[in-house]
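Protein chains: 2
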Amino acid sequence: MKAPAESTRHDDSQIAPCYAVIFESQLAGDCDYDTTASAMVALAQTQPGFLSVSSARSADGFGITISYWSSLEAVRAFRALADHRAAQALGRSRFYIRYRLCVAEVKYEREFDRSEAPGAP
Amino acid sequence: MKAPAESTRHDDSQIAPCYAVIFESQLAGDCDYDTTASAMVALAQTQPGFLSVSSARSADGFGITISYWSSLEAVRAFRALADHRAAQALGRSRFYIRYRLCVAEVKYEREFDRSEAPGAP
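Read top to bottom, the protein sequences are chains G and E.
Under the working numbering, the first residue of the first sequence carries the number 126, and numbering increases by one thereafter.
Under the working numbering, the first residue of the second sequence carries the number 126, and numbering increases by one thereafter.
Every clue listed holds true.
Partial chain E-side listing against chain G, Cβ under 7 Å, derived:
id, residue
1, 225
2, 232
3, 236
4, 239
Derived Cβ-Cβ restraints for the label pairs, each shown as a range:
id, chain 1, residue 1, chain 2, residue 2, range
5, E, 173, G, 245, 33 to 43 Å
6, E, 215, G, 207, 46 to 56 Å
7, G, 153, E, 183, 13 to 23 Å
8, E, 207, G, 167, 38 to 48 Å
9, G, 155, E, 210, 39 to 49 Å
10, G, 155, E, 207, 44 to 54 Å
11, G, 240, E, 244, 44 to 54 Å
12, G, 238, E, 178, 21 to 31 Å
By construction, these hints were calculated from the structure, which means they are not laboratory data.
Quantities reported herein were computed from a predicted structural model and do not represent experimental measurements.
Where a beta carbon is used, it is the ideal one built from N, C-alpha and C, also for glycine.
Please model the complete structure; the sequences and the hints are all you need to start from.
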């Protein structure tokens with residue numbers, strides 16, 4: 126069977142501005158983490174410039190959450206919100222053994238969905 | 126307890142060039158996936174410009190893998206390797222229900238490690 130093809134949504138010349146906030150973290154195991162994490166995702170979703178969020182966490186407690194934003198100003202504004210700053214402090218004192226946060230500008234993007242590929246049922 | 130502080134390793138003016146390849150995927154459940162994925166990580170680690178890789182996958186099969194590279198040329202060269210292209214085709218035909226691949230330029234980065242924070246034992 127021939128593999129279905131990817132579709133490219135953007136190239137460098139036409140992409141709308143998009144910034145990825147990459148948050149990699151190792152949990153310490155505090156049981157209040159899920160409540161705070163869910164509240165921060167819900168808060169992000171109400172903010173100007175928020176585009177989407179994805180999250181995965183392995184059984185060993187290592188996780189990656191990526192939120193996508195339309196501008197660096199939107200990233201900074203979310204970071205500065207009082208409720209978010211309180212959650213960040215909780216993160217450092219209770220939730221995370223370590224984390225790494227990167228802010229990156231999306232240069233291009235490709236998507237693949239098997240159900241939309243040529244030959245899909 | 127005061128939360129330990131983050132350390133900022135880079136700002137926009139001093140960061141070395143760094144590109145993040147963000148790969149978000151939903152697995153279909155093919156048992157050969159782990160072997161191919163491990164082989165691709167091992168291959169990436171031998172390539173010029175490779176910096177690091179992080180990966181997390183939730184129990185529902187949704188995962189995020191991020192590899193970091195020193196140039197877009199290094200990203201393109203890895204993408205074009207024959208073994209990698211074969212793995213990409215397997216991914217589309219067998220491993221993934223859907224995926225999204227973003228290439229992004231890192232603008233700044235912060236890290237936190239509790240064991241290095243002020244007041245750590």
